[in-house]
Amino acid sequence: MYALVDGNNFYVSCERVFRPDLRDRPVVVLSNNDGCAIARSNEAKAIGIKMGAPWFQIEKLQDELGLVGLSANFPLYADMSDRMMSLAAGLGHRQEIYSIDESFVDVTGIRGDLTERSRKVRARILQWTGLPTCIGLGPTKTIAKLANHIAKTAERKPNMYPSHHAQVCNLGTLSKPELDALLQATDVGDVWGVGRRISAQLIEAGVTNALELSRLDPATVKARWSVVLERTVRELQGMQCIEFEDHPDDKKQIACTRSFGQPVTERRHLQEALTEFASRAAEKLRKQNGHAGQVLAFIRTSPFRQNDKQYSRSAIVPLPSPTADTAQIAEAAIAILHTIYKPNFKYAKCGVMLLDLQPATRHQYTLDLEDEVLHNEARQRLMQTLDGVNKRYGRGTIKLASSGTKTQRSIWQMKQERKTPSYTTSWDELCKVRT
Amino acid sequence: MNAPLPLNVTSLWVQSLPATVQAGFPSPADDHAVTRLDLMEQLIKHPQATFMLRVRGDSMKDAGIMDGSVVLVDKAIQPRNGHVVVACIDNEYLCKYFVQRAGRVRLKAANNTYPDITPKDGQTLEIWGVVVASILQHKC
Numbered sequence: 001m002y003a004l005v006d007g008n009n010f011y012v013s014c015e016r017v018f019r020p021d022l023r024d025r026p027v028v029v030l031s032n033n034d035g036c037a038i039a040r041s042n043e044a045k046a047i048g049i050k051m052g053a054p055w056f057q058i059e060k061l062q063d064e065l066g067l068v069g070l071s072a073n074f075p076l077y078a079d080m081s082d083r084m085m086s087l088a089a090g091l092g093h094r095q096e097i098y099s100i101d102e103s104f105v106d107v108t109g110i111r112g113d114l115t116e117r118s119r120k121v122r123a124r125i126l127q128w129t130g131l132p133t134c135i136g137l138g139p140t141k142t143i144a145k146l147a148n149h150i151a152k153t154a155e156r157k158p159n160m161y162p163s164h165h166a167q168v169c170n171l172g173t174l175s176k177p178e179l180d181a182l183l184q185a186t187d188v189g190d191v192w193g194v195g196r197r198i199s200a201q202l203i204e205a206g207v208t209n210a211l212e213l214s215r216l217d218p219a220t221v222k223a224r225w226s227v228v229l230e231r232t233v234r235e236l237q238g239m240q241c242i243e244f245e246d247h248p249d250d251k252k253q254i255a256c257t258r259s260f261g262q263p264v265t266e267r268r269h270l271q272e273a274l275t276e277f278a279s280r281a282a283e284k285l286r287k288q289n290g291h292a293g294q295v296l297a298f299i300r301t302s303p304f305r306q307n308d309k310q311y312s313r314s315a316i317v318p319l320p321s322p323t324a325d326t327a328q329i330a331e332a333a334i335a336i337l338h339t340i341y342k343p344n345f346k347y348a349k350c351g352v353m354l355l356d357l358q359p360a361t362r363h364q365y366t367l368d369l370e371d372e373v374l375h376n377e378a379r380q381r382l383m384q385t386l387d388g389v390n391k392r393y394g395r396g397t398i399k400l401a402s403s404g405t406k407t408q409r410s411i412w413q414m415k416q417e418r419k420t421p422s423y424t425t426s427w428d429e430l431c432k433v434r435t
Numbered sequence: 001m002n003a004p005l006p007l008n009v010t011s012l013w014v015q016s017l018p019a020t021v022q023a024g025f026p027s028p029a030d031d032h033a034v035t036r037l038d039l040m041e042q043l044i045k046h047p048q049a050t051f052m053l054r055v056r057g058d059s060m061k062d063a064g065i066m067d068g069s070v071v072l073v074d075k076a077i078q079p080r081n082g083h084v085v086v087a088c089i090d091n092e093y094l095c096k097y098f099v100q101r102a103g104r105v106r107l108k109a110a111n112n113t114y115p116d117i118t119p120k121d122g123q124t125l126e127i128w129g130v131v132v133a134s135i136l137q138h139k140c
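Going down the list, the protein sequences come from chains A and B. Going by this note's numbering, the residue at position 229 of the first sequence is 229; the numbering climbs one at a time, nothing skipped. Going by this note's numbering, the residue at position 64 of the second sequence is 64; the numbering climbs one at a time, nothing skipped.
So here's chain B without its partners, still in its complex pose (with noise of 0.2 Å):
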């Protein structure tokens, strides 16, 4: 194990050329290969975690949610104060802000004819996840 190597001597071919040798003038663009931008990519960061829902209503319309949008909720956020999430209250789901003071949770509406929701005695609300974005599709 301690013996010395030897080293390989012989010449070595180093191909250094780029891949294509046409004569003509060089690509100015060879120099700045790009990824061209991924909308998915930036919208989803916890591919697994991510689910489409499609929206009913109107009362986060102020937020930009409208009725037949899609939004992207990702369940493995951790829902804070003013976030947008999908809450479960009775075994329905909803989307709304979601606003906690002093260890209560509300859920208000980004439309003020909606009252906010606060759960009653006996009363679970879960959050199913934070919307990370809403998609609406125009007519074309």
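So that you can see chain A by itself, here it is in the shape it has in the complex (with noise of 0.2 Å):
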């Protein structure tokens, strides 16, 4: 039996414990560089602002209707999520955080009522962090997650479903008739593992609701459509199909990209925003104790802009030896960057990734073997205190060079007009309490 513990709304639920005047409030929280809205409170919701509505598109309705747009704040928003998902395992004994609001919790041979420990649970994290939650649970991962749709659901739109199931929604106990009737008020696209294209299809060939999709033959689902979504079907059967990942696994792939705050066009900002970004890549992959084989970089023009010349770009580069050193990886990205890089574009995006991605306990040396190990350690011990330096006093107290000081970093840099205090992580941000 497994729990689905997922924060309604959960960035704007964040804001909202240190902002109580955003209550009751529309509120929406913004993608980098204040794009387009990530998160939306139920009011915006209620007002018609879809996920993923452009900022410019939505802006004039601040007046009209009270709507507040902030800048995402990454920071509270990771360490909200840690008090919850800490609060969230105490409801089983084993947990998959699964992203950063929600969590799959392994209830299986828990004695008692589910139902009510889930309430009690969800009661504690709603006043231990003042984040409202919702928790589903069911006898397989696909059935919880329903679960967790109708807890939600049912408590902002009181006429989709039976009331008592808002909040904490508990499929394990239901009788056939009443569990059939909730799965023939559920779309088929609100199955978790449907998408869009899956969906479309599948109304058409007059599946329309998850009771229907639960009563397909898997055999003729996997020959008609995919192994993917034979393996839905079954677990809407009540067979368990997705694995409990309860410690996942290192990183295949190690991505840093990000969209600038306005076009740039010179190299040699490219080049900071790419030496930055091959250091957070390799501070990443230190962290999970890995080497990269080979690096990509990629600069690109924004193909929103239709009327600028597009260009888009991307290299690989295998690395002499694999490392996890910062330096080699940013030179990489820069030997790519000097490549791929033609003036007189306005560029809108770049990125550094790392790839094929090993264990740093594997070594592969050159020949020339004594200068080389001892030469790796120096570089490693330099590597350590630069990590430990930055995490004591700040990300970017030491840093390369080539990437650039801070004056000139805000040509390039994130828009993030709209963000609110790291209330929870710097101490000149805390939120003022008057006495």
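Source of the hints: derived by calculation from the structure; they are not laboratory data. Check the hints yourself; a few may be wrong.
EDC-like mimics (lysine to aspartate or glutamate), calculated; alpha carbons at most 16 Å apart, straight line [claimed, not checked]:
(1) A:K252 / A:D356
(2) A:K399 / A:D325
(3) A:K432 / B:D30
(4) B:K120 / B:D90
(5) A:K287 / A:E155
(6) A:K251 / A:D356
(7) A:K432 / B:D58
(8) A:K45 / A:E155
(9) A:K432 / B:D90
(10) A:K432 / B:D38
(11) A:K284 / A:D356
(12) A:K432 / A:D21
Stretch by stretch, here's where chain A covers chain B in the computed footprint (C-beta under 8 Å, at least three residues) [as the list claims (entries may be wrong)]:
(13) 48 to 58
(14) 65 to 72
If the Cβ cut is set under 10 Å, some of the chain A residues that face chain B in the computed set are [said to hold, decoys possible]:
(15) C36
(16) W225
(17) V228
(18) E429
(19) T435
Ideal placement from N, C-alpha and C gives every residue a C-beta, glycine not left out.
Make the complex out of the two chains shown on their own, each in a separate frame, by following the hints.
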């Protein structure tokens, strides 16, 4: 038996913990560079703002309807997520953190009324952190996810499902007719793992709701659609097919890419940005104790600015030997830049990806053995020192000179004009309380 | 399953020496392994529920909470009469004494130049958390 604990409108809820004035108002949180809505409060949904709506289109609703748009404040969301996750873990004995705002908890074998237990955990998360959540329970991950969808929808739209399923919905204890009625009331496109394209195909084939999907023959589904959809059907029928991953594997690739706050044309600015992203990626790589064998870097113009001349190019270079050394990785990224850069384009985005990742314990030496071992050890110590200093005194305290100085950086740095303070991660930005 | 299990009768090496076996005088502190006091552990009972806020104003000075202090606020604790709390009134966070008498709630300052705050009709008062400590850092 699994539970899915999911924060409601998570980013907006995090903001509201420290900004009581944002309660009961339409609020959206915007993507990088304040581009489009990536989280919406219920009030924002109610006035018809869609997921991904561009800010320039909905901006006018600020005066008309009191809409508030905020730049994403990821340090805050990450800390609040951590608090929520560690409380959610108390529901069962294993936890899979699925994303920043949702986690599966294995509650198999736990005695007592699971619905009641879930309500208590939900109440605790709300009181302790101020974050509202919904919890769905079911015998498979897909059913738990569906139960969570019902719990959420029943709270927000009271006519869709019976109201006692709001906030906490346990599909594991229902009678067959009750369960079937709920599945029937759920659009096939709202089932986990059914994408927009598949959902259109299913509807065309006369499969419009979750109940009908669950009654399909898995073998037919596999033949006509895919193994993935077959798995979904089996999971809906109560058979566990999707594994519980409480020990996430190390990442197979690491990427650091970003859109610029404004178009960039000059090579030296791209070089600064790529150096910065290479440094970030290398730091992530060292955290998982890995080495990269290859580096990919890309630069591109914005496909949304159709009047601009378009250019997009990437290249991969293999590293002399696998490494997690910031300088070597940045050097590779800059070497790529020099071969792919063309002047007179308005670049909108660039990024670095580390490929061919392997554990740092495996190492291939070139013939010049002794010198290299000594050199590698020295470099490793340098990287440890770099990470140590940056952890203690803040990111970017020590960095490569090619990532530029602060004043120059503003040219390519993200636009985040509407960000709230890092209330829980920066001493200078604590929330104020009047006495 | 009910068959008797044979005992393993081979001899067993038991290492009973302390990890360090230098021939000098043993450290008298060996028997007193210690954990140094941890201030955070003392102050924070519910880590997931504890937030730090910066104080502005001097209405709580007689309770030792000064302008510029950092207060540790625990949202897991149920407020009781006499607690210092962070309350939310008119969308603003306020740090005051929580006073509850005959079912009525008041917010009281620790500075007698400030009047008590009683929620008026239509005003809601919500307790955000209970202040468990305040920290004032001194110049050095």
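Each hint tested on the structure:
Of the supplied pair hints, the one linking K252 (chain A) and D356 (chain A) holds, its CA atoms being roughly 8 Å apart against a limit of 16 Å. Using a Cα cut-off of 16 Å, the hinted pair K399 (chain A) and D325 (chain A) holds, with the two alpha carbons roughly 12 Å apart. Between K432 (chain A) and D30 (chain B), the direct Cα distance comes to roughly 47 Å. Violation of the 16 Å bound is thereby established for this hinted pair. With a C-alpha separation of about 11 Å, the suggested pairing of K120 (chain B) with D90 (chain B) holds against the 16 Å cut-off.
For a cut-off of 16 Å, the pair hint linking K287 (chain A) to E155 (chain A) is broken: about 40 Å separates their Cα positions. Using a Cα cut-off of 16 Å, the hinted pair K251 (chain A) and D356 (chain A) holds, with the two alpha carbons roughly 11 Å apart. Distance hint between K432 (chain A) and D58 (chain B) is fulfilled; the C-alpha atoms sit about 13 Å from each other, no more than 16 Å. With a C-alpha separation of about 14 Å, the suggested pair K45 (chain A) and E155 (chain A) falls inside the 16 Å cut-off, and the hint holds.
Note on K432 (chain A) and D90 (chain B): the hinted pairing holds, with a Cα-Cα distance of about 15 Å set against a maximum of 16 Å. Of the pairs offered as hints, the one joining K432 (chain A) and D38 (chain B) is violated, with about 26 Å between alpha carbons and a cut-off of 16 Å exceeded. In summary, the hint linking K284 (chain A) to D356 (chain A) is supported, as the alpha carbons are separated by about 15 Å, within the 16 Å threshold. For the hint linking K432 (chain A) to D21 (chain A), the alpha-carbon distance of about 14 Å falls within 16 Å, and the restraint holds.
Coverage of the region 48 to 58 of chain B by chain A holds in this model, with 10 residues showing a Cβ closer than 8 Å to a Cβ of that chain against a need of three. Coverage of the region 65 to 72 of chain B by chain A holds [criterion: at least 3 residues with CB-CB distance below 8 Å; count 4]. A distance limit of 10 Å between C-beta atoms decides the matter here; for C36 (chain A) the minimum to chain B is near 28 Å, and the interface restraint is violated. Because the smallest distance between the Cβ of W225 (chain A) and any Cβ of chain B comes to about 42 Å, over 10 Å, the interface hint for this residue is violated.
Evaluation of the V228 (chain A) hint against chain B yields a violated restraint, the C-beta minimum of about 36 Å exceeding 10 Å. Restraint check, E429 (chain A) versus chain B: the minimum CB separation of about 9 Å is within 10 Å; hint holds. Hint on T435 (chain A) holds. Least Cβ distance to chain B is approximately 4 Å, under the 10 Å limit.
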